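Visitor: Listed below, chain by chain, are the residues.
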Amino acid sequence: MHGVEFRHVSYGLGARSRILDEFSLTVGAGETCALVGASGAGKTTVLKLVNRLVLPDAGDVRVLGRDTREWDPIRLRRSVGYVIQDVGLFPHLTVADNIAVVPRLEGWPEDRVAGRVRELLELIDLAPEMYTSRWPDELSGGQRQRVGVARALAVDPPVLLMDEPFGALDPITRRQLQVEFRRIQARVAKCVILVTHDMAEALALADRIGVLDEGRLIWCGTPQAIADADHPRVRALVESLVPASQVRLKPDTTGGPAKADTTGGPAKADTTGGPAEADTLGSPAKAGHYGSA
Amino acid sequence: MTSLVRFWLTHQQELATLVAEHVLLVAISTTIAVAIGVPLAIFATRRPRLAAPLVGAANIVQTVPSLAMFGFLLPVPLIGGVGARAALAVLVLYGLLPIVRSTIVGITGIDPAIRLAGVAMGMTPRQLLRQIELPLALPSIVAGIRVAAVVGVGSATIAAAIGAGGLGQYIYRGLSMVDSTVILAGAIPAAVLAVIVDGTLLWLERRLSARRRAGSRRAAVAVAGSLALLVLGGSGLWAMRDPGAIVVGSKNFTEQLILGEILAQTIERETGLPVQRRLNLGGTLICDRALLTGDIDVYVEYTGTALTAIFHQPAATNPDAVFEAVRGLYANTGRTLLGPLGYDNTFAILVRGAEARARGLRTIADAARVAPEWRAGFGYEFLERPDGYAGLARTYGLTFRGPPQVMDLTLSYRALASGQVDLIAGDATAGLIKGLDLFQLEDNRRYFPPYDAVPVARASTLLRYPQVRKALERLAGRISADDMREMNYAADARKENPADVARRFVERLR
Numbered sequence: 002m003h004g005v006e007f008r009h010v011s012y013g014l015g016a017r018s019r020i021l022d023e024f025s026l027t028v029g030a031g032e033t034c035a036l037v038g039a040s041g042a043g044k045t046t047v048l049k050l051v052n053r054l055v056l057p058d059a060g061d062v063r064v065l066g067r068d069t070r071e072w073d074p075i076r077l078r079r080s081v082g083y084v085i086q087d088v089g090l091f092p093h094l095t096v097a098d099n100i101a102v103v104p105r106l107e108g109w110p111e112d113r114v115a116g117r118v119r120e121l122l123e124l125i126d127l128a129p130e131m132y133t134s135r136w137p138d139e140l141s142g143g144q145r146q147r148v149g150v151a152r153a154l155a156v157d158p159p160v161l162l163m164d165e166p167f168g169a170l171d172p173i174t175r176r177q178l179q180v181e182f183r184r185i186q187a188r189v190a191k192c193v194i195l196v197t198h199d200m201a202e203a204l205a206l207a208d209r210i211g212v213l214d215e216g217r218l219i220w221c222g223t224p225q226a227i228a229d230a231d232h233p234r235v236r237a238l239v240e241s242l243v244p245a246s247q248v249r250l251k252p253d254t255t256g257g258p259a260k261a262d263t264t265g266g267p268a269k270a271d272t273t274g275g276p277a278e279a280d281t282l283g284s285p286a287k288a289g290h291y292g293s294a
Numbered sequence: 002m003t004s005l006v007r008f009w010l011t012h013q014q015e016l017a018t019l020v021a022e023h024v025l026l027v028a029i030s031t032t033i034a035v036a037i038g039v040p041l042a043i044f045a046t047r048r049p050r051l052a053a054p055l056v057g058a059a060n061i062v063q064t065v066p067s068l069a070m071f072g073f074l075l076p077v078p079l080i081g082g083v084g085a086r087a088a089l090a091v092l093v094l095y096g097l098l099p100i101v102r103s104t105i106v107g108i109t110g111i112d113p114a115i116r117l118a119g120v121a122m123g124m125t126p127r128q129l130l131r132q133i134e135l136p137l138a139l140p141s142i143v144a145g146i147r148v149a150a151v152v153g154v155g156s157a158t159i160a161a162a163i164g165a166g167g168l169g170q171y172i173y174r175g176l177s178m179v180d181s182t183v184i185l186a187g188a189i190p191a192a193v194l195a196v197i198v199d200g201t202l203l204w205l206e207r208r209l210s211a212r213r214r215a216g217s218r219r220a221a222v223a224v225a226g227s228l229a230l231l232v233l234g235g236s237g238l239w240a241m242r243d244p245g246a247i248v249v250g251s252k253n254f255t256e257q258l259i260l261g262e263i264l265a266q267t268i269e270r271e272t273g274l275p276v277q278r279r280l281n282l283g284g285t286l287i288c289d290r291a292l293l294t295g296d297i298d299v300y301v302e303y304t305g306t307a308l309t310a311i312f313h314q315p316a317a318t319n320p321d322a323v324f325e326a327v328r329g330l331y332a333n334t335g336r337t338l339l340g341p342l343g344y345d346n347t348f349a350i351l352v353r354g355a356e357a358r359a360r361g362l363r364t365i366a367d368a369a370r371v372a373p374e375w376r377a378g379f380g381y382e383f384l385e386r387p388d389g390y391a392g393l394a395r396t397y398g399l400t401f402r403g404p405p406q407v408m409d410l411t412l413s414y415r416a417l418a419s420g421q422v423d424l425i426a427g428d429a430t431a432g433l434i435k436g437l438d439l440f441q442l443e444d445n446r447r448y449f450p451p452y453d454a455v456p457v458a459r460a461s462t463l464l465r466y467p468q469v470r471k472a473l474e475r476l477a478g479r480i481s482a483d484d485m486r487e488m489n490y491a492a493d494a495r496k497e498n499p500a501d502v503a504r505r506f507v508e509r510l511r
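Quick note, the sequences are listed as chains W and L, same order. Using the numbering used here, you'd call the opening residue of the first sequence number 2 and step up by one each time. Using the numbering used here, you'd call the opening residue of the second sequence number 2 and step up by one each time.
Isolated chain W, as found in the complex (with noise of 0.2 Å):
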């Protein structure tokens, strides 16, 4: 087994409420699986789950057919690449020290790092000579980001883990670094978790979806099943999150279909009255409200 499996795990048992609940899914290799769901819904303790920054109270998570109790820390942590939130590249190492610290960790010679910094800035199309000796604060957004990604793929791990990656772009640069993880997705074959609340991104870059909630899987499918899905928080969460141009949705919406008050809710007016323009627009949406609560 290549991939990821979670079986029937939970986490935060001693909470109010649990952070995750019975959470079961499985992602095979070559596979991009998007986690959506508003936050809090657990979506960031799944990723936490698979590379071991937290283990799970019940149930368990197997990587590459190992539960992740039984992985020294360490080891399974180089083995599962992690673009973060907030990109967290260090700030005091070049673009290509940067990049080349696992390859380093793993004690490569330092001609096999320098190669391979290289294939990495050009995989993720940055010229090498003239990106390997910037530093951090001397690249765009979205530069970041590319090499965010160039670093958590540097020693070729077979798990990708994604959180947010491309959250805080503007919606130009968004959609081509969207257009570009699927052309190295293409190439590289891993199997990749992309946790978004961006369910327009979750449609460009899955090939499976699934809708978290409180901590439960409440739907997984492919992104074209999801506009037939009849899962009333799965149903609001379409409708709030994409607009009425991308999914078709069925004729018998409650309610008028984009500026339908899907909430309905007190004190939740933030995601009414053109919800969809305002998220493609790229809002790194304060995306907490949708459906009833």
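It is worth saying that the hints were derived from the structure and are not from the lab. Here the structure is a predicted model, which is why all the values come from computation and not from measurement. All C-beta atoms in this analysis are idealised placements derived from N, C-alpha and C, irrespective of residue type, glycine included. A portion of the hints provided could be inaccurate.
Unchecked claim - Cβ-Cβ distance ranges computed for the label pairs, FRET-style:
1) W:I173 <-> L:R207: 31 to 41 Å
2) L:A58 <-> W:D138: 34 to 44 Å
3) W:A190 <-> L:S210: 40 to 50 Å
4) L:G226 <-> W:D138: 25 to 35 Å
5) L:T18 <-> W:E130: 53 to 63 Å
6) L:G226 <-> W:D112: 24 to 34 Å
7) W:D112 <-> L:I37: 34 to 44 Å
Mind docking chain L on chain W? Use the hints.
Guide: Below, chain L alone, put in the same frame as chain W:
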């Protein structure tokens, strides 16, 4: 200003030594504080519950006045006592707070996303510390070192109080001589030193945060590292100096400096043994403790002071009884009181010489008869002390025209000479008594406790070097109050070097 420059020019060599001592004190103490503080702070960031109490404790240490800190440390074995070691201990304690605090701030201030990235990439805690946390915290750590070093330059001036040398020696000497030139001669180089240290470390700090130039960054670290090595090497040499010499101590006022020199030069001349001077120690208790711990071998104490301040006995007035009592107390604790030098540094009730001669005044009792038409001026301390004014007035039935004026002790000599007041209480050996033609009335009813000047030495030293005892006994009874006044006058009023004043006296004795 010209007198200041002249002072520096005539004391070039001494100045260079003091600057070097000062730099070494600061450099060594800061290096040790870094070696202790940075790991301590790293440990605290791993145990967040420890961080607050740790910084709190360091804060408290910082608020203790330096002189009080020396007092606390006096009885502590290994790091206490007097001399460079104790001074270093105090300076290290002072340096810890800024270093610990800035290291904690530097590490905890790192963007959590960056630390998370490191952990998620499979860094071990040690790799995270060395590759991510320390490099990113380095500018902040250096900022803390800068604060510690600058504070250290200031605190190190106080180290002179416990005989650790440094520019504070000039400051203390100047204070005891009431000579602002000498104070400035120490204070100005210390201030310049502080500015240089501050500027250098600021430069280093900026270099380190300028991450554009990895090369210069490495160079800066290399420079800092080799400086630290140099300092440690130097400190090794410094610590090794003068083994097995007889160490002479003294308190920190002019008379004591001269007496210290007299003892030192006498031992040198009579025995040929090497003598190390730890003069200018910050007070009676420091000298006493130094003698007990063996940091010094001999210094001059006053019998009345020993009785009340060191042994906490009630004051007594019979000089012979006091001497015998003190000698016994010293003998019980491994110290030997030698023969009295010959003068009593007690309070002196002074009047103008001309007036005393004209009216035939000899004793305080004589003066009590004419005092009702006089005005008196006393220092604040004399008015308050248990052996001060109240008892004196009772003993002799003294009354004055109006209540006594309160004035600064040093100023009161001149106030008397110029006729603003007619009677003062001064120091029996004050140089100005001679310079201003003042007359000391005899304490014929023995109101004041005796303060006979007596060398006190470690018994073990005298046993090992009987020739030292012989040399010191030669001084017994050889210094009169007049001699001492004259020497004080030469040093205080004529600004002669205490060592030269002492040399003239010792040569005359032979």
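Visitor: Take the hints in turn and mark each one as holding or not.
Guide: Going through the hints against the structure:
{"no.": "1", "hint": "W:I173 <-> L:R207: 31 to 41 Å", "verdict": "38 Å, holds"}
{"no.": "2", "hint": "L:A58 <-> W:D138: 34 to 44 Å", "verdict": "38 Å, holds"}
{"no.": "3", "hint": "W:A190 <-> L:S210: 40 to 50 Å", "verdict": "42 Å, holds"}
{"no.": "4", "hint": "L:G226 <-> W:D138: 25 to 35 Å", "verdict": "27 Å, holds"}
{"no.": "5", "hint": "L:T18 <-> W:E130: 53 to 63 Å", "verdict": "58 Å, holds"}
{"no.": "6", "hint": "L:G226 <-> W:D112: 24 to 34 Å", "verdict": "29 Å, holds"}
{"no.": "7", "hint": "W:D112 <-> L:I37: 34 to 44 Å", "verdict": "42 Å, holds"}
Violated hints for the displayed structure: none, as all numbered hints are satisfied.
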